[in-house]
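Residue numbers (this note's numbering), protein chains in the order written: chain A, -16 to 397; chain B, -16 to 397.
Note that these hints are calculated values from the structure, not bench results. Warning: the hint list may mix true and false statements.
Copies of one chain are not kept apart here, so a pair can be met inside one copy or by any two copies together.
Unchecked claim - The list that follows gives simulated cross-link-like pairs (lysine to aspartate or glutamate, EDC-like), each with its CA atoms no further than 20 Å apart:
| hint | residue 1 | residue 2 |
| --- | --- | --- |
| 1 | Lys109 | Asp277 |
| 2 | Lys203 | Asp156 |
| 3 | Lys117 | Glu187 |
| 4 | Lys394 | Asp156 |
| 5 | Lys109 | Asp66 |
| 6 | Lys394 | Asp28 |
| 7 | Lys203 | Glu106 |
| 8 | Lys250 | Glu149 |
| 9 | Lys250 | Asp180 |
| 10 | Lys109 | Asp180 |
| 11 | Lys394 | Glu149 |
| 12 | Lys394 | Asp49 |
| 13 | Lys394 | Asp341 |
| 14 | Lys250 | Glu224 |
| 15 | Lys394 | Asp295 |
| 16 | Lys250 | Asp66 |
| 17 | Lys250 | Asp280 |
| 18 | Lys250 | Asp161 |
| 19 | Lys117 | Asp180 |
| 20 | Lys109 | Glu187 |
| 21 | Lys394 | Glu101 |
| 22 | Lys117 | Asp87 |
| 23 | Lys250 | Asp166 |
| 24 | Lys394 | Asp338 |
Number of protein chains: 2
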Amino acid sequence: MKAVLVVADGLGGRPTDWSGQTCLEAAATPHMDALAARGALGLVDPIGPGVRPGSDTAHLSLLGYDPHVVYTGRGVFECLGVDMDVRPGDICFRANLATVLDTDHGLRVADRRAGRIETGHDELEKALNGIRLKRTPDIEVIFRASTQHRGALILRGPGLSTHVTEADSHRVDALLLDVCPTDSDPASARTAAAINDFTRLSYEVLHDLPLNRRRLAAGKPPANIVLVRGASTRPNLPSIESIYGVRGAVIAGGALYRGVALTCGMKPIDVPGATGGLDTDLMAKARAAVGVLDRLDYVFVHVKGTDNAGHDRNATAKLQFIERMDAELIGPIVSGIDHGSTHLAITGDHTTPIDYGDHTVEPVPIVYAGPNVVCDRTSAFGEREAGRGGLGRWSGRVLPILFGYCNWAPKYGS
Amino acid sequence: MKAVLVVADGLGGRPTDWSGQTCLEAAATPHMDALAARGALGLVDPIGPGVRPGSDTAHLSLLGYDPHVVYTGRGVFECLGVDMDVRPGDICFRANLATVLDTDHGLRVADRRAGRIETGHDELEKALNGIRLKRTPDIEVIFRASTQHRGALILRGPGLSTHVTEADSHRVDALLLDVCPTDSDPASARTAAAINDFTRLSYEVLHDLPLNRRRLAAGKPPANIVLVRGASTRPNLPSIESIYGVRGAVIAGGALYRGVALTCGMKPIDVPGATGGLDTDLMAKARAAVGVLDRLDYVFVHVKGTDNAGHDRNATAKLQFIERMDAELIGPIVSGIDHGSTHLAITGDHTTPIDYGDHTVEPVPIVYAGPNVVCDRTSAFGEREAGRGGLGRWSGRVLPILFGYCNWAPKYGS
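Take the sequences, apply the hints, and build the full model.
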């Protein structure tokens, strides 16, 4: 048996998305519809009914872990996702390259994403990794840039804590926020001081960088500060292999998803052209996914474009990405697998409706297909069809159910 | 109000079981179909979505208990199921009468079930209960035979523990396994030593028994050793009567199911001819079930044949047993009850598909019927129909829902 899990980030939507239909319903998706016809549909609450999921917590839950038990924060997945070496005691952060203006009242956030900066990451990394904290010189700072404005940061040293507020207020035009400890222990105060020190030093080393002078000259916002959030340590998870006895790989352009999957023990497959954006090379991902199954038991493919378009409130972009996903990812995967011995699941990690531009609480549609799936009467993949699907509605655990069809699940009890 | 719960072990299946249908779908089940037509269907995950159930954990969950909280292991249900007196501190085991060969390398398991031995249980019991442990003479050993190769064992004495590995490796042709402590406390080491002592002594007292000499002469595998597993103590459960204020009985040929029901406070009803196998006297069970309702509030009827046929990968046997169950158990029960004041539920404790021959993770179909059930549009009892049933999909708690229809459920909150 082999298994394929495809998660389209933010796949689900609302009827307002596209002429009264959701983007998924309005999109032409012949390959996913064919899977619906020979498989079965249902609705999944990624974490639980009425719980509005983050992407990290949702993925943990879909992969079979209880995020209420194992989730430590986002940062560690970002760090693992860009192949940083996360050690016990390390405090990990998601880091944004951002733009601040130096005003009379202090540094003011002008762009949380530094114009989604595309180049110059090496120069930024080098400058940031040269930083030595002044008040806490025994704490090492390690920065790695990811795609666009995204990066990851590790604080390494004795006596650190995750109990600190976020440096990124998620607001534009606000003054730079001081990070505060959220616990009264010395480690939390020390960690907050270290982050505040780092944030200000990042402005000092970045604002006059040749890269940023060129960006200013070109009318682009400079990447002149780093804003961190999601303080976390490495979570304590049993690996998927230790639970099910099978080995698999992750194909994901986004560091966060790659990081979650690595934490669960999946092998990362790097696909050139997999950008984690709307322009990602879906055919290359499909080829890689089918190739993985030659040597491993399962593959988890993540695509991010659906969510990006939802956050951008761009219904056309979301619909077109779904159609491209159907044609260039699902079609080639379905053609490349052995139908008699492969089970497949396609779902989202949450809904990102166009009208709201962020994650919402609704359940997401899911389709399972393969030889052991009891087929239902649905024949199209969409929110409404999933609501009358034969699998009903449940919470999380999409991968354990997929593995159950493959006869890989351990028995609980006797 | 009265209530009837029928659990057909391993009832559910997969589309591969029978010409693209499951055995339940392919079987002619007019009585269950009529219940579907006047009642409502749904899908139950016996323990939770994507959790592959054991029979003991699944039954606890269906009866309204959280197995993650109350389950202590299988052995105690086997002991209670054969009416052994389980006391605080007793360590209970499921015990298999098995066949080993004495080889140069040690005792090798030849048949885990001693040819499903049908006779001579008194002789085996007497020999085994005469065993006195050598290294731990203060530990008493009590053995009771059940049906065929099945039995139950209690270790009674000071300083015992459930933290030991299993003597039954579930593999044939393997050398006899030494039981090891899984905790570092002296009680676990002492318990492991006692089991290893008992296992070897069981071979000493059994291998030359007249019964086994006769079996060898007849070409049958001797019951020359006892292999134990499922170490457990009596779980701490509130009785069904203490929760709902109603009293009921269990009718089950298999000791395990009888034991689970006794643990929950049900009264056991012994029905001659109820074998816990494919040959069980279903009409006798139906008569007994209807009779119970004259004097008690509810009855739980367990049939095992569906699961046996699934484990044996025998689609014809499973289909025929389901048809016989419909005609000889469900039909007579439906005829014998007062429809205006009785609620009825029929489900399985897990799926046992023919192609896999063991429990799988899929949800099981369920039908509820009775005066307070909101009827849906289904008209047949099967996996696909249950997937479009009016009750949707949920986890466990089949008995509390049945009792809810009877207006027996306690209010949580005010």
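Hint-by-hint comparison with the structure:
1. Lys109 with Asp277: neither (39 Å within a copy, 57 Å between copies)
2. Lys203 with Asp156: The answer is within: 17 Å in one copy meets 20 Å, while 73 Å across copies does not.
3. Lys117 with Glu187: Classified as within; 13 Å inside a copy, 76 Å across copies.
4. Lys394 with Asp156: neither (55 Å within a copy, 23 Å between copies)
5. Lys109 with Asp66: Within one copy only: 17 Å inside, 65 Å across.
6. Lys394 with Asp28: Only across copies: Lys394 and Asp28 sit 14 Å apart there, 24 Å inside one copy, limit 20 Å.
7. Lys203 with Glu106: Within one copy only: 17 Å inside, 80 Å across.
8. Lys250 with Glu149: neither (31 Å within a copy, 34 Å between copies)
9. Lys250 with Asp180: neither (36 Å within a copy, 46 Å between copies)
10. Lys109 with Asp180: Cα proximity of Lys109 and Asp180: one copy only (18 Å, versus 67 Å across).
11. Lys394 with Glu149: between (42 Å within a copy, 15 Å between copies)
12. Lys394 with Asp49: both (18 Å within a copy, 16 Å between copies)
13. Lys394 with Asp341: Between copies only: 10 Å across, 38 Å inside.
14. Lys250 with Glu224: within (11 Å within a copy, 44 Å between copies)
15. Lys394 with Asp295: between (44 Å within a copy, 18 Å between copies)
16. Lys250 with Asp66: This pair counts as within: shortest intra-copy Cα distance 12 Å, inter-copy 52 Å.
17. Lys250 with Asp280: Answer is within; shortest intra-copy Cα gap is 11 Å, inter-copy 48 Å.
18. Lys250 with Asp161: neither (38 Å within a copy, 36 Å between copies)
19. Lys117 with Asp180: within (7 Å within a copy, 67 Å between copies)
20. Lys109 with Glu187: Close inside one copy (14 Å), not across copies (75 Å); limit 20 Å.
21. Lys394 with Glu101: neither (49 Å within a copy, 29 Å between copies)
22. Lys117 with Asp87: Classified as neither: same-chain Cα gap 24 Å, cross-chain 72 Å, threshold 20 Å.
23. Lys250 with Asp166: neither (36 Å within a copy, 33 Å between copies)
24. Lys394 with Asp338: between (44 Å within a copy, 17 Å between copies)
Hint compliance for this structure: hints 1, 4, 8, 9, 18, 21, 22, 23 are not met, and every other hint is.
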